[in-house]
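So you can see what is in the structure, the chains are spelled out below.
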Amino acid sequence: MSTVGIIANPAAGKDIRRLVAHGRVVSNQEKANILRRVFAGIVSTGTDQILIMPDHSGLARPATADVEGEIEIDFVDMPTADHQGASTNAARAMVEQGVDCIVTLGGDGTNRVVAKGCLEVPLVPISTGTNNVFPANTEGTLAGIAAGSVATQRLTRDDACRRSKRIDIYIDNELCDDALVDAAVSTQMFVGARAVWDTSTLHAMFLTRAEPASIGLSSIGSRLEPIAIDDPFGLYIRMDGEPGSTATTVRAPIAPGAVSDVDIMDWRRIMPGEQISIDLHPGTIALDGEREVELLPNQKVHAMLNLDGPWVVDVPHTMMLLANR
Amino acid sequence: MDIDRDLLLLMLRRMWMIRNFELKVMEVHSAGEFAGGAHPYIGEEAVAVGACAALEDTDYIAGNHRSHGHPIAKGGRVDKAMAELYGRTDGYCKGKGGSMHLADYSIGILGESGILGSSVPVAVGAALAASIKGEKFVSLAFFGDGASNQGALHESMNLASVWSLPIIFICENNQYAVTTSYAETVAVEHVSDRASAYNMPGILVDGQDAIAMYEATAAAVSRARAGDGPSLIEGLTYRFEEHSLGLGRVRRGEYRTQEEIDTWRKRDPLDILEQNIIAQGVATREECDDINAETAEEVEKATEFARNSPFPEPSDLFDDMWADPIAFP
Numbered sequence: 001m002s003t004v005g006i007i008a009n010p011a012a013g014k015d016i017r018r019l020v021a022h023g024r025v026v027s028n029q030e031k032a033n034i035l036r037r038v039f040a041g042i043v044s045t046g047t048d049q050i051l052i053m054p055d056h057s058g059l060a061r062p063a064t065a066d067v068e069g070e071i072e073i074d075f076v077d078m079p080t081a082d083h084q085g086a087s088t089n090a091a092r093a094m095v096e097q098g099v100d101c102i103v104t105l106g107g108d109g110t111n112r113v114v115a116k117g118c119l120e121v122p123l124v125p126i127s128t129g130t131n132n133v134f135p136a137n138t139e140g141t142l143a144g145i146a147a148g149s150v151a152t153q154r155l156t157r158d159d160a161c162r163r164s165k166r167i168d169i170y171i172d173n174e175l176c177d178d179a180l181v182d183a184a185v186s187t188q189m190f191v192g193a194r195a196v197w198d199t200s201t202l203h204a205m206f207l208t209r210a211e212p213a214s215i216g217l218s219s220i221g222s223r224l225e226p227i228a229i230d231d232p233f234g235l236y237i238r239m240d241g242e243p244g245s246t247a248t249t250v251r252a253p254i255a256p257g258a259v260s261d262v263d264i265m266d267w268r269r270i271m272p273g274e275q276i277s278i279d280l281h282p283g284t285i286a287l288d289g290e291r292e293v294e295l296l297p298n299q300k301v302h303a304m305l306n307l308d309g310p311w312v313v314d315v316p317h318t319m320m321l322l323a324n325r
Numbered sequence: 001m002d003i004d005r006d007l008l009l010l011m012l013r014r015m016w017m018i019r020n021f022e023l024k025v026m027e028v029h030s031a032g033e034f035a036g037g038a039h040p041y042i043g044e045e046a047v048a049v050g051a052c053a054a055l056e057d058t059d060y061i062a063g064n065h066r067s068h069g070h071p072i073a074k075g076g077r078v079d080k081a082m083a084e085l086y087g088r089t090d091g092y093c094k095g096k097g098g099s100m101h102l103a104d105y106s107i108g109i110l111g112e113s114g115i116l117g118s119s120v121p122v123a124v125g126a127a128l129a130a131s132i133k134g135e136k137f138v139s140l141a142f143f144g145d146g147a148s149n150q151g152a153l154h155e156s157m158n159l160a161s162v163w164s165l166p167i168i169f170i171c172e173n174n175q176y177a178v179t180t181s182y183a184e185t186v187a188v189e190h191v192s193d194r195a196s197a198y199n200m201p202g203i204l205v206d207g208q209d210a211i212a213m214y215e216a217t218a219a220a221v222s223r224a225r226a227g228d229g230p231s232l233i234e235g236l237t238y239r240f241e242e243h244s245l246g247l248g249r250v251r252r253g254e255y256r257t258q259e260e261i262d263t264w265r266k267r268d269p270l271d272i273l274e275q276n277i278i279a280q281g282v283a284t285r286e287e288c289d290d291i292n293a294e295t296a297e298e299v300e301k302a303t304e305f306a307r308n309s310p311f312p313e314p315s316d317l318f319d320d321m322w323a324d325p326i327a328f329p
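From first to last, the protein sequence lines stand for chains A and B. If you use my numbering, the first sequence corresponds to residues 1 to 325, in order. If you use my numbering, the second sequence corresponds to residues 1 to 329, in order.
What the hints contain is simulated information worked out from the structure, not anything from laboratory work. Any given hint might turn out to be false.
Below are the DSBU-like pairs computed for lysine-lysine, each with C-alpha atoms no more than 30 Å apart in a straight line [what the hints assert, rightly or not]:
{"#": "1", "chain 1": "B", "residue 1": "LYS80", "chain 2": "B", "residue 2": "LYS136"}
{"#": "2", "chain 1": "B", "residue 1": "LYS266", "chain 2": "A", "residue 2": "LYS116"}
{"#": "3", "chain 1": "B", "residue 1": "LYS266", "chain 2": "A", "residue 2": "LYS300"}
{"#": "4", "chain 1": "B", "residue 1": "LYS136", "chain 2": "B", "residue 2": "LYS24"}
Just chain A, same shape as in the assembly (with noise of 0.2 Å):
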């Protein structure tokens, strides 16, 4: 049987950059349109079964109300929550039900949180988020058909997706947390409202991608050297203390709406399994755009580059080779 998950972020793009950016606003009402159309793409390669992630919204009710064609559709059998780990927890009971792939909608933080229950179970994240580096601004029924090309073995994982990276942090030598694009040591103390807006309060930051077409945090690294998303390496930047031999300033579009001059003490790229200690407290580390960890006394902080990210479906690419078919 052949199964497309769906794990749609209600609260995706919701946050401060609103206030302190220009970060967009997705409606409710439009994530479930673009459901429609990714529903409409899958049931167009023949795909078995979608499998949805339940929301106390109800944000898939309607798109589920209006697929035409023979398809199965069923919810995840979860509590519905209100908090990312409710992501985690729905990609991990997609993995043992056997999904083919999963589709995402949200921002680059719905993505980190997918990411840890996924495994090696592809995802086409759709960008719906504020920071969108991950996910791409790809249209819903594109995005389905390459999800169910997929699913139904059209096209081999191989062949339609790029295997991405992450960027693991380690606290007593203990793995804690992990970013898909970027972590930021930022000198604020708590995680507050999550979002780090302030070049100013910048310390080092760790990307395993630096395209320079993307908004955020990694577009700083894009203007020293770009990297793909499975380049084999990553790139560490230091933006406190004293100026190294690389020392530069950039200028790059640190949030949506929000260009800023950055000064660089210095950089340089970083290899997989090469461990790069974090000395600062107090301090956050703000993964994929939002501070999630905080650094107290005491601890042994480092971060680390891993090669083995999520897979990712590379819908341009997908669509290339289901046309030359």
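Fit chain B to the supplied structure of chain A, relying on the hints for placement.
This is chain B only, laid out in the frame that chain A set:
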């Protein structure tokens, strides 16, 4: 926008003051020491305290029927508040208002109201005053998820946006309007989603985290002072107690599961703030406990003050009114 030790400890003190005030109110109300309703704010302290920590004394707030937390968060006096609940002459409104009328204009507390949504236009009026006078003060309106369906709120948000007024709308979404779930009565997923209809930014914040509420409100206050107009902040929170003291008389069956209540009680806003500041070495466990004990003692003294204050005389009834009602035919 980092937050210093003094402000963190002030926030903790005000949160403990509210918690201890409400615990005392529940105790003395059940003992029959004063009449009338009261709506405990326990569980929601981080919303008002985090928001008010981003304000100056010269800024204004207007609260709602859950009416004790907002004025205490703004720096109001607990002795005058308690005396008002007891209906005594030393109360904020000389004992003639009760629980839902705690006002102190000297520090920007415009008062509260038992009519849902009705204090929101009052806060907009204060913001209009700032705009007309060309002054830099801002205004902040607290309302709940129930009031988010009231016409007065929508008219207020529209007018505030049309006139680009310096106001922050704060929805403390405790998820129940008395016993009615917001999920069944609010057409959008989050109350903050409604901001886009009024051309203002709306954001969703963890209402159990006072620091998050402070950061969000500080950002909205900066916008307002800069002339960039209103903002809507939704603090997702939970009422740990029943809607009001004495609700048992009107309740129709269970409306929240014990599992849900237990889950939210694990996210006590006081625990969250204390854990944060202790972990970062801002204060010790003992210092936090001292703040709790000091505020409990202050509430005890406030209660004695209220008990010893005289009731108003019947002849005081028509004092402090805009017009003499006896003069009307």
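Hint by hint, which ones does the structure fall short of?
-> 4
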